[in-house]
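Trainee: Here's the letter readout for the chains.
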Amino acid sequence: MKSLPVLALLLWICSLFYMGILLFVGGFLLVRLEVNRTSTCADVLPPGADVKGDFCLKEPRFRRAVVLIIDALKADFTRYDPGNTSPRAFENKLPILDEMASSRPSQARLYTFRADPPTTTMQRIKGFTTGSLPTFIDVGNNFASSAVLEDNLVHQLGQAGKRVVFMGDDTWVSLFPRKFHRSLPFPSFNVKDLHTVDNGILQNIFPTMEGDDWDVLIAHFLGVDHCGHRFGPDHPAMAEKLTQMDEVIRSVIKRLQNDTLLVVMGDHGMTDTGDHGGESQKETDAALFLYSGSPLFPTPGSQMEPEVVPQTDLVPTLALLLGVPIPYSSVGQVLLPLFPLNSSLGASMSLSQAEALWINVKQVNRFLETYSNMAKDIPADGLSQLQSHFTQLSSQYLSSVSEGAPPSAELTASMQAYLNSVRETCRASWARFNPLKMAAGLLVLGLACVACFVLTELSLMVLQGSVLKAPLLSGLLAGAAVAACQLFTLGFVEVSWCFGAGALMSEVAFLWRIRRAFTRGSSSARLSVWLLLNPPLLVLFLRCASLLSDSYVISEGRVVTFLLFTLGLYIPLRLNWDGLLVPSPPSDTQKPPGLLPPALPLSTVRRESTALLVSVAILVGCLYLSLSFHSCREEQGSCQPSAFLTPLSRVQDSRVRNLHYILSVASLFAWAFLLHRWLRHYGNLNCTSVAVFTARCLLPLASICMGLHWAVSATPGDSFRNLAELISLAQVVLPRITFGLLGLGLLLLWLDPLTVFLKMRAPLNSRGTSVPPPKYRASTGVSPQAELHHLIPQLYQRIRQSLEDGGSEGDEADGRPAVEAYGLGTVYSAPLVLLCGLLGLGLLLLHAEGMAIAFLLMLLQAAAVLHLHSSSSTLSSLQSHSSVFSVPWAPVVLWSLAASQFFHATGHLPTFPSIQWGAAFVGFPQGHSGTVLPASLVTLNTFASHIMFAVGCPLLLFWPLVHEARGTRTGRSGEDGDDVVMEMRLRENPQQFSSALLQLAARYLFITGAQVLASVCAAAILRRHLMVWKVFAPKLMFEASGFIVSSVFLLVGVTLVMRVDVAVARLFQKLLPENSR
Amino acid sequence: MWDVEIRGMASAHAIIAASIFMATIMPAVLVEKFSVYGTHLVWLYSVAGSVAVVNIAVFWLLGISPPTKKNTLSYKLSKLFRSCVYFLLSCLFFHTVVVLYGAPLLESALETFSLAVLLSTFTTLRCLCILGPNVQAWIRVFSRDGAMSVWDTSLQITTGCSVVGAWLGAFPIPLDWDRPWQVWPISCSLGTTIGFLTGLLTAPLWIRWHRKQLTYKLK
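Residue numbers (the working numbering), protein chains in the order written: chain A, 2 to 1078; chain B, 180 to 398.
In isolation and in its complexed conformation, chain A is listed as follows (with noise of 0.2 angstroms):
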């Protein structure tokens, strides 16, 4: 057997994969580290000579503010043009704004608002609390809650010891719970309701505005974003909601006292259809409007005026305006106009212009040098440009101040140019799509899909001919010839577009020599666009098809299930179409017999038909019982998650408990039992190897103490009090020592995976020179002796006439012994079901205990699944012209698609928040100190049925060679004397083995990959989409993250395989000279 070519071109194909995933998430997923540090009145930024302290030095400008936020308030919904007269649904519809600006220019001021990417409230929110600019994922973020963790505004304010009122949409209780000083929540989620929220909060705003228990009022309109988002921008439902909010401001303006600051904006724009999400100008741009009763702003035309302003910068010039410190992260600017020119001028306790400003710069300065020192992800160059920039200002100003003259317009403005220069760097490297590696991850994705499927069907010929080596020279030389050019342009490497170019190279190079292969080779292996039409791969195109909609996204556990049973379906119908299902009629007299397919025997297609009849009615009934233990997404509203998901612990009601961990126990015990089960039949359990003695004695202890530490974790805290340190004890204990029992299992099996017990017997007969005809028995039927009958009497002839014919041609075939191997007939399988059931038993653990059930069903399916495709196999057997091993695509699409309905049968959803964090705690109840051990736990609960299909993958060739002993015992080894041998087939055709085990690795990363693909593309076609960062991206990232796990494992199973294959050459080898002696 081939091993090392097929496990490097395995290897291969999956590192493409994980390339084309590295670059297109790296343009995809922006990433920023977030900096946990809080600014306080007391913070002396340096180089500061006032010991004092920066922040809240004086009398604040403002008391109040209301802030006013209008989603989706596009900065075209608020220009006015009195010559427009017949304006559209969304023009003119706002002319308070207009009114204002232009009759008191020195009280309001109407800006447009540019807010930064991606435009989806709940990043805006943050954005312009923060002033940062946040992506989709904020590394430090707390996954399990939604919680503003930096330094924002909200914090500040309450801190300085503001009372902040808050009303309207709800994700501002999440972002920053326990931080108002009274809030009003009202539900966003339902994008058809217009009304709720704009109701409610126009139910309390006036009371609360007349009331005097506030400083800071945020008040968030969700009306005009859900009219969008509905109607779209033109159409008269937006006319009356933009009226609405028109009257609103009239309403609020006219109860403002002096004191107050009035903010209204918009935290993003809409595209004409709506939409928003993404980085056209459209979406980005909002509106701001500033108005205060008092004086605020200097006559026009007396400074330039900022055009647009970015939406970071409302968080310093708001923390300077009400005396509080600016956060931590921010790196807005602050705005100009707001400040007078010198403190002379304006009243006295305020800041000057170039006072704020200087203090905005020492503030961004000290935040770049904080995050720098914690990430690389700003380019080094740029950095020291901007230190030195910043060291010069600091000198210019300094100098300034000590001579006593006010800073000149020049350092105001090189001031201004530093804080820009600092936004535009970080913007460049946290807040933008990279649409270009995207492009890149998606083709190199595309590409390595195509070559999987030119892999599956090309197996035999690509493992001949040494395809691999051209392909894997000409992509690493892309890799380097990139990395070089990038070195000698630009000074550094950017890792990823190495890879990518050397993927893409290998890839098209590995195409390349196939089709040259292919024009010049037979014309035997025909490789067809219609391959790709036949209903199992139909099944996977809509499964794919499926996630580019959200709606099927968001109900994949049930669109999975409803495929699986399709096709589980469809393998009878297809089989009775064919005619195959049923023993066929009696010969048909128009047809000379010569030309008659040979039929298997009557009772073998009666047999094998009421097999697949029964398994198909498993996997039905798994699917079907599989629903019942989904979770809930919290899109899907009249839902309730699967009661065996909640701990034991937590069930109240103690009947409840008590079933359930009956329920649950049973399950566990029904696996185990199984397990042992199918191992003793096949006479795997005879020799005294270790591998027998995992099977014997690990599996059993381990699931005892699974069993123990399910009862000690259920039992409620309070009802053995005096026992309370034993339970805890025991608590840590009993679950390490089944991690410690099953990882020995697995290094035992992986030290000697065989299971065969050979037994010497006494020669039969001794007739000299005459060698027998080879002959093999590895299994005969179902008898209450079976592990009797499991044995190969005369292998020994075989190997040793294969030997004789290669070299020695001594004649000593006298005194022979025969040897009787049990469970040789297994020989492959065995290892890889004992693997799967100690994994099973380990990624249990990691689970709520009623998940048992979905486990034992998961086996139960898998069983159902194999049964299903021997018996389908032995049926068209006769029909098939494929080569011997080769596994068909229905049963691996089925045997894949499986991982993912019970990724969502064992209580998991394809979002962040639905992570099982309880798994880290598992044997670990006190917690952990590294990150490593319980990232790695939480990984293996969340991709457990992934890890299960794709370890147990190869099982589906061996499957009907170990089935094979029923199928045809009866049938033909009367007539041709080709006795039943199972698994050793395989080792008789090593070429086709390798080949075929090449072939269904490829085919499983192929459906695997194809699904990747899929959300890859959903991502890309969608990332304007309402949806994306709420169902688009966590499914990509899990579906990536599945992908990664999958493959890893699959090659774990693959490996085992060969593990297997090495200890049976070196069985066989150790057998000749003992029996020759």
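Don't take every hint at face value.
Residues of chain B clear of chain A, computed beta-carbon distances all greater than 12 angstroms [said to hold, decoys possible]:
#, residue
1, ALA193
2, VAL233
3, THR251
4, LEU271
5, THR275
6, ILE318
7, GLN335
8, TRP385
Some, not all, of what chain B presents toward chain A, calculated at C-beta under 7 angstroms [claimed, not checked]:
#, residue
9, LEU240
10, TYR280
11, GLY281
12, PRO283
13, PHE321
14, ARG323
15, LEU354
16, ASP355
For the record, the hints were derived by calculation from the structure and aren't laboratory data.
Ideal Cβ positions, reconstructed from N, Cα and C, are used throughout, including at glycine.
Since the structure of chain A is already known, use the hints to place chain B on it.
Mentor: Same frame as chain A, but now just chain B:
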């Protein structure tokens, strides 16, 4: 002879298709506040009933049904009885399959069962009419060379189309469009009906197109 049979089948199919349209239009005239979405079950049963009646009448008049060995009244009665039982069983079978596919188990069980009745009318009833209550023959018909007459081929096509139509009808259910026809089981029963109509239309065309390749064994 071929053309005569195909033409006869085409007209029979046209009559059945017309009966579906009539069953949609008639209640609109007779019943107050009738709409396909609003009073869906009324529509469903009216279509199922009319298709059943027309099917039985057409096949009885054309004499397609398998020849009976015995012509006694009691034999006919027992055959009729068995047909009814088979029809009921097929309704239950379809109901089970639909539930396994993910339909709600307890709530709206009536709707699910009505869908099963519709499916049975379009598939099992035609099997009963053409092949009689003979499961062996049913299984035989649905294999590649199991068709023994033009009618068997048309049965294959219409049954396949109806079932595929019902299957496709489930696709829009999870979408968040909030349309009245996304309510269970409207999309599925509409899909079934449209699939059945497609089958009625395609069967004569397909058979005509492939008449060179089609050779039927003599019974």
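Trainee: All hints are to be evaluated individually against the structure, with a verdict given for each.
Mentor: Right, here's what the structure says about each hint:
no.: 1; hint: ALA193; verdict: holds, 28 angstroms
no.: 2; hint: VAL233; verdict: holds, 28 angstroms
no.: 3; hint: THR251; verdict: holds, 29 angstroms
no.: 4; hint: LEU271; verdict: holds, 16 angstroms
no.: 5; hint: THR275; verdict: violated, 10 angstroms
no.: 6; hint: ILE318; verdict: violated, 6 angstroms
no.: 7; hint: GLN335; verdict: violated, 9 angstroms
no.: 8; hint: TRP385; verdict: holds, 16 angstroms
no.: 9; hint: LEU240; verdict: violated, 31 angstroms
no.: 10; hint: TYR280; verdict: holds, 6 angstroms
no.: 11; hint: GLY281; verdict: holds, 5 angstroms
no.: 12; hint: PRO283; verdict: violated, 11 angstroms
no.: 13; hint: PHE321; verdict: holds, 6 angstroms
no.: 14; hint: ARG323; verdict: holds, 6 angstroms
no.: 15; hint: LEU354; verdict: holds, 5 angstroms
no.: 16; hint: ASP355; verdict: holds, 5 angstroms
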